[in-house]
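Q: Chain by chain, the residues run as shown.
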Amino acid sequence: KQEVTQIPAALSVPEGENLVLNCSFTDSAIYNLQWFRQDPGKGLTSLLLIQSSQREQTSGRLNASLDKSSGRSTLYIAASQPGDSATYLCAVAQGNEKLTFGTGTRLTIIP
Amino acid sequence: DAGITQSPRHKVTETGTPVTLRCHQTENHRYMYWYRQDPGHGLRLIHYSYGVKDTDKGEVSDGYSVSRSKTEDFLLTLESATSSQTSVYFCAISAGRERGTDTQYFGPGTRLTVL
Chain S
38 KQEVTQIPAA LSVPEGENLV LNCSFTDSAI YNLQWFRQDP GKGLTSLLLI QSSQREQTSG
98 RLNASLDKSS GRSTLYIAAS QPGDSATYLC AVAQGNEKLT FGTGTRLTII P
Chain E
81 DAGITQSPRH KVTETGTPVT LRCHQTENHR YMYWYRQDPG HGLRLIHYSY GVKDTDKGEV
141 SDGYSVSRSK TEDFLLTLES ATSSQTSVYF CAISAGRERG TDTQYFGPGT RLTVL
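Chains S and E, in that order, give the protein sequences. Under my numbering, read the first sequence as residues 38 to 148, first letter to last. Under my numbering, read the second sequence as residues 81 to 195, first letter to last.
Bear in mind the hints are in silico, worked out from the structure with no lab data behind them. One thing to keep in mind: the hints can contain errors.
Stated by the list, open to error - Under the rule of at most 27 Å between Cα atoms (straight-line distance), these lysine-lysine pairs were calculated in the DSS-like manner:
| # | chain 1 | residue 1 | chain 2 | residue 2 |
| --- | --- | --- | --- | --- |
| 1 | E | Lys133 | E | Lys150 |
| 2 | S | Lys135 | E | Lys137 |
| 3 | E | Lys137 | S | Lys79 |
| 4 | S | Lys38 | E | Lys137 |
Unchecked claim - Just so you have them, the derived chain E footprint on chain S, three or more residues with Cβ under 8 Å:
| # | segment |
| --- | --- |
| 5 | 82-96 |
| 6 | 138-145 |
Heads up, the beta-carbon is just placed ideally off N, CA and C, and yes, glycines get one too.
Take the sequences, apply the hints, and build the full model.
A: Here it is in structure tokens:
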């Protein structure tokens, strides 16, 4: 059974700093890995999707990397802003169309 | 934003009563999903659908049933609600890999409280 872990569960950093969020998974036979953002009381917003054949994806200040063999992904956020404060979740897709989610990292950017 | 709505957005009910949650999409996507989100557990898949009248169980399907009679609607039913089903329920949709992407798009959620 696939298990997805995100450490730390919570992270606080000063505004302007670069930061890295971590995601690990136990079964490397994945189809893709997705990063989502969730604001309090809201649904999830897709940020980046990395196919298993890719090493990284970039969108604006966000960069996600994937090392399938080691079962790890990172989400890099450059020049953090207070508006980046949210919970970030990673999820992996396997042979079917279903996702397995991590429990998330709650990020707080301190002005 | 993807055209996904959930109704109701909030509901309080009593143990033993039936409850139906509705997910409606305007994107004509093939795949639809129901998740629940609980502290310490993250999002867990309840049921999903890969087409009209085609559904399958997820990780935590006990006590839940689903139906999809039209592409745009996916219903989640709690036949006899229990306090352990107090949660936030999210619907998601996906076009699927055959359409070139399986990014999932989420609805705003339904907060269900079972007393």
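Q: Has the segment 138-145 of chain S got at least three residues whose CB is nearer than 8 Å to a CB belonging to chain E?
A: Holds: 4 residues of the segment 138-145 of chain S have a Cβ under 8 Å from chain E.
Q: If you draw a straight line from the CA of Lys133/E to the CA of Lys150/E, is it 27 Å or shorter?
A: Roughly 8 Å separates the two Cα atoms, so the pair holds.
Q: Holds or violated: Lys135/S with Lys137/E, Cα cutoff 27 Å?
A: Cα-Cα ~11 Å, so holds.
Q: With a C-beta cutoff of 8 Å, work out whether three or more residues of the segment 82-96 of chain S approach chain E closely enough for the coverage to hold.
A: Holds, because 3 residues of the segment 82-96 of chain S bring their Cβ atoms closer than 8 Å to Cβ atoms of chain E.
Q: Sort out whether Lys79/S lies within 27 Å of Lys137/E, counting only the CA atoms.
A: holds, 25 Å
Q: Mind checking the alpha carbons of Lys38/S and Lys137/E for me, to see if they're no more than 27 Å apart?
A: Roughly 15 Å separates the two Cα atoms, so the pair holds.
Checked against the numbered hints above, the structure violates none of them.
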